[in-house]
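Q: Okay, here's what each chain looks like letter by letter:
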Amino acid sequence: MNKFSMKNVLKKNVMTIALFVIYVFFVVMAAALKGTNMLDPSVVTSLIEQNAYVFILGAGMLMCMLTGGNIDLSVGSFVCFAGAAVGLFSVENDLLNKWFGVWEMQEVNGEMTSVLVTPATPLSTPVVLLIAVGIALLYGAVLGFLIAYVRIPPWIATLAGYLAFRGLGTQMLTTASTTNAISNFPKSLLNIFSGRLFETPWGELNIPCLVFGIVASALVVFLSFYSRANKAKKGYNADPFWYVVVKSVIIVAVIMFLTIEFALDSGMPVVVLWIVGVLVLYGIITEKTTIGRHFMTVGGNAEASRLSGINNKLIMFAAYLNMSILTVIASLVVTARTGAANAFAGQEFELDAIAACIVGGVSAYGGSGTIVGMVVGATLIGVINQGMSLIGVDQDWIKIVKGLVLLGAVVFEIQSKKGNKKQ
Amino acid sequence: MGGSKVTSFLRKYMMLIATVVVVFVFYYITFGRTLYPMNIDSLISQNAYVFVLGTGMLLCILTGGNIDLSVGSVVCLAGGVGAIMLKNLPTAAWPVAVIAMLAMGLLVGLWHGYWIAYVKVPPFIATLVGMLAFRGLANIIMGGFAVDVDNRPFLNIFGGGDSCYIPGSSIPDKLAPYKAGYINWKTTGKFTTNADEIRATIAQLNAQIDGRELQGRALESAKSTSTELNMLLTQQVNVTCLVVFTIIAIGIVVYTFVNRKRLIKLGYKVDALSTVVIKTVLIALVLEWFGYKLACYKGIPTALIWIALVLGIFAYITTKTTLGRNLYAVGGNEKATRLSGIDTRKVMFSAYTLMGLLSGFAGVLNIARLQGSTPTYGVGYEMDAIAACFIGGASAYGGTGSVGGVIIGAALCGIINQGMSIAQTPVNYQKVVKGIVLIVAVLFDVIMQMRRKGGKKKATSVVATEKGGAKA
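Heads up: the protein sequence lines correspond to chains A and B, in order. No gaps in the numbering here: position 383 of the first sequence is 383 in our numbering, and each next residue is one more. No gaps in the numbering here: position 211 of the second sequence is 1211 in our numbering, and each next residue is one more.
It is worth saying that the hints were derived from the structure and are not from the lab. Every residue, glycine too, gets a C-beta built ideally from N, C-alpha and C. Among these hints, one or two may not hold up.
If you want a taste of the chain B side facing chain A, the calculated C-beta under 7 Å gives, among others [what the hints assert, rightly or not]: (1) V1129; (2) A1133; (3) N1139; (4) N1428; (5) G1435.
Straight line, CA to CA, 25 Å or less: simulated DSS-like cross-link-like pairs of lysine-lysine [unchecked claim]: (6) K1223/B to K1190/B; (7) K1179/B to K11/A; (8) K1179/B to K1293/B; (9) K1335/B to K418/A.
Footprint (simulated), chain A over chain B, 3 or more residues, beta carbon under 8 Å [stated by the list, open to error]: (10) 1081-1089; (11) 1438-1449.
Given these sequences and hints, build the entire structure.
A: If you want it as C-alpha cells, here you go:
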C-alpha cells in the first residue's frame, strides 16, 4: 500500500515546494532589483485581494473539471453580466429610470418630449442579492440542462455564453450610463464583499484579526492530530508523528504570517472570509461527502459510474449550476473591490480559473484534483503575476511565462501519471 | 416514406435554406442595401480569414471535436512578423516576407502538433497556452505598436486597398437601366429606362428626404432607393469577372453531366436526371449572379482567388486523399483507427500542423486587407472559425463535416454580421446573436444525431434479442 516515504512526500507536494521557492525568489529579486519589499503588509494583502476571484472561480472550475475535464468558458463574461445586473438594480441609472421611472410628455424648446419626472428608486441590498442569486440559478440551470441532458459539448455551450453575456453586459452598461460603467454602489452592498473587519489605522496591530488567526491555527492543529489519532485507532496507515508535527507547523506558520500581515494592514479583509468559506466548504464536499466523490467517479469512468447507480447527468447538471453560483459570488467580490461594474470586468477570468486548476494538479481529463492543489496553483500564478510586475517585467513576457507554466504543469502531470502506470 | 424524404432533405440542406432565409430577412430589413455590389464584395474580403481559418479548424474538429484556441494570436504573430519584414525589406522582396509568415505559422503548428499528438496534452490546454504565449510574443516583436504595410505588389496580390482586383476593361452595364426602371416603377408607378426621368425621381426623393416629410421606415426606404438609383445610373461591369464566372458556371454544368454519364457507364447508382438538372442550374445561376455582382463593383478581388485556392486544396485533401480520410476515421472511432494500423498520432500532428500553416496564411491575408498590423489583430478569430465549422454542420464530437459546410457556415456568419452592421444593430447585440446562432446550430446537430442514434439503438437491440432467441 501507500507506504510513507520521503520520495512520496516530495512528489505529492512538488507544487507547494515550487510555490515556496518561487515566492522566495521573487521576494529576493524584488528587493534586490527594485528595492520593493514583497513582504510588506499592503503588498501581501493586495496579492490576496486581487486573486480572490481566482480562488472562488477555481473551486467551481474544479468541480466542472472533475467530471471529465469539462470547462466553463463563460465565467468571465458572466462576471461582467452579473456585475452589470447588480449595478442596474442597486444604483440609480438611466436604464432603471427608463424602465421604472415616471415619465411625462412636456414641451421643451417648442417640441414635445418625454421628461423624467420621478426617478426610479434602486432596490435594497437584500433584494438585489436575491436577484443575483436568481440570475445565477437561472443561467446555471439552463447551462446545466444543455450540457447534461441535451449533451451539447460543454465548451460550445459555454462559448455561446461567453459571447452572449459579454454583449448583454456591455449593452446594459452602455445604456445605463454615459460612462459605460456603474459606480456609487451603496455601502451596505460593498461592505458585505469588501473592506476590513473591525478596521484599525494602518500599522497598528489589529487584535480581532490576530484572534481569528490564532483560533484558525489551533483548529488546524487540533484537526490534524485528531484525524491522525482516529486513523491510527482504526488501524489505517497513519503518517508518522513527526510528519504531522512538521506539516502542522508549516500550515500554522502560513496562517500566522498572513494574519500578522493583515493585522498590520488595517485588519482582516472581508473577502478573506468569503475565500476561506468557499474553500472550506468545497474542500469538505470534495473530500468528505459522497456527492463530492461522485464528481470524481463520473470523471474517472463515466460508464462505470453510471452502472454503479450514480446519476451522471445530475452530477454534470450540478457542476454547472454550482459554477454559475460561484461566478456570481466572484462577480460581487470583484465589483465591490473596484467599486464599479464595467464592461471590461471579468476578461480572461476563465483562463485564470482553468490555469489555477491545471497548475494545481487537477487532471485535464477529469477524475482527480483537490481544492488544496487548486489553491496552490492559484497562488503560484498570482505570485508569478505580482512578482514579475514588481520586478518590472513587461506584461507580454508575463503572458508567455504564464503560458509556459501552464504547459509545464500539464506535461508534468501527464508524465508523472505515465510513471505511476509503469510502476 | 414521404415524410422521411422531407426530413432527410431538410437535414441535408438545412443550413443552405437558413442562409437563403437570412439573406432575404436582411434584404428586407435594410431595403436591399445588403445586396449592393460593394457589400457583396466586402463580404468576401472582410471574411477571407474566416474561410481560411474555418478550413483549418475543420481539420482539427474532424479528429474528434478538438479545437485550436490559438489561431487569433497566431494570425497576429505571423502578421506582425510579416509587417515588420515588409517594412524593412526592399519592395521586390515581398515573397520572402510571405514565406516567413507561412513558416511562422508552420512552426506554431508543429509546436502544437507535438504537444497534442505525442505528449497527449489536451488540445484546448495546449492551444490555450499558445493563445497566451503567441499574443505576448507578437506584442514583444511589434514593440506594442502598429506597423503599416505599403508594399504595393504585396497588397495587390493578397487583396488590400483599391487596386487589388483582377484587371479588366469595364463596359456600361446594359441591365442597369432596366433595374432602375423597375425601381422607378415601384416608387412613381412609371417604368422608364430614360436616365433623365430617373434623375428627376432621385431629385424628388431627395427633396422628400431633406424636407423631413418622411419618418421611420419610409425615410430609410427613400434614402436607399435614392442611393441605389444613383448607383445604377453610372453602373459599369468588369468584363473579365463576368467571363471568368460564366466559364466556371458552364464548366460546372459540363463536368456534372460528363461525370454522371461516366458513373452510369460504370454502373453506379446516380440521382434522377431532373434533380441533377435543377441542382446544377441553381448552382450555375447563383454563381453567375455572384459574378455579376462582383463585376458591377470592381471585379474579382484577389482575396477571392486565394480563398478559392485554399478551399479547393482542402476540399481535395479531405475527400480524395488518405490523410483526409484518416482525419474522419480518427474522429469517428480513434481506437478502431489505431487498431487498423493507422498512426493516429501522425494524423493529429498533421491536423494541427496544417492548422498552423493556414493561420499563417490568414495572417498574410489579414495584413494585406488592413494594410498593416497592430498588436490587437486577430482577437476572437478562433470563435469565428469555430462557429463557421459548427454552423456548417461539423460534428462537435468529430468525424463529420466538410469544406462545403465551412463555406456555408462562414458565409452565413459573414452575412449575419454584415447584415446586422448595415442594419445598425449595436455591436453588443451582435455578440448575443452570434452566441445564439452558435448554440442553435449545435443544438440542431446534436438532436439530429440523437435521433439517428436512437433509431440505430432500436435496430441493434432487436438484432440482439433475435440472436438471444436463437440461442435459447
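Q: A closest beta-carbon separation below 7 Å is what the hint needs, so does A1133/B meet it against chain A?
A: holds, 4 Å
Q: For the region 1081-1089 of chain B, count the residues whose Cβ lies under 8 Å from any Cβ of chain A; is that count three or more?
A: violated (count 0)
Q: Under 7 Å is the threshold here; is the Cβ of G1435/B close enough to any Cβ of chain A for the hint to stand?
A: Because about 3 Å separates G1435/B from the closest Cβ in chain A, which is inside the 7 Å limit, the hint holds.
Q: Could you grab the alpha-carbon distance between K1179/B and K1293/B and see if it respects the 25 Å cut-off?
A: Within the cut-off at roughly 13 Å; holds.
Q: Just to make sure I understand the rule, a stretch counts as covered if three or more of its residues have a C-beta closer than 8 Å to a C-beta of the chain. Does the region 1438-1449 of chain B meet that for chain A?
A: holds (count 6)
Q: The hint names N1139/B as touching chain A; please verify it with the least Cβ-Cβ distance against 7 Å.
A: Holds, because the Cβ-Cβ distance from N1139/B to chain A comes to roughly 4 Å (cut-off 7 Å).
Q: Do the alpha carbons of K1179/B and K11/A lie within 25 Å of each other, as the hint requires?
A: violated, 78 Å
Q: K1335/B and K418/A were given as a pair; does the straight-line alpha-carbon distance stay at or below 25 Å?
A: Distance of about 19 Å is within 25 Å: holds.
Q: Less than 7 Å between beta-carbons is the criterion; does V1129/B satisfy it with respect to chain A?
A: holds, 4 Å
Q: Under 7 Å, Cβ to Cβ, is where N1428/B needs to be relative to chain A, so tell me if that hint holds or is violated.
A: Holds - the Cβ of N1428/B comes within 7 Å of chain A, reaching about 4 Å at its closest.
Q: For the pair we were handed, K1223/B and K1190/B, check the Cα-Cα distance against 25 Å.
A: Status holds; Cα separation ~19 Å.
Comparing the model with each earlier hint shows violations of hints 7, 10; every other hint is respected.
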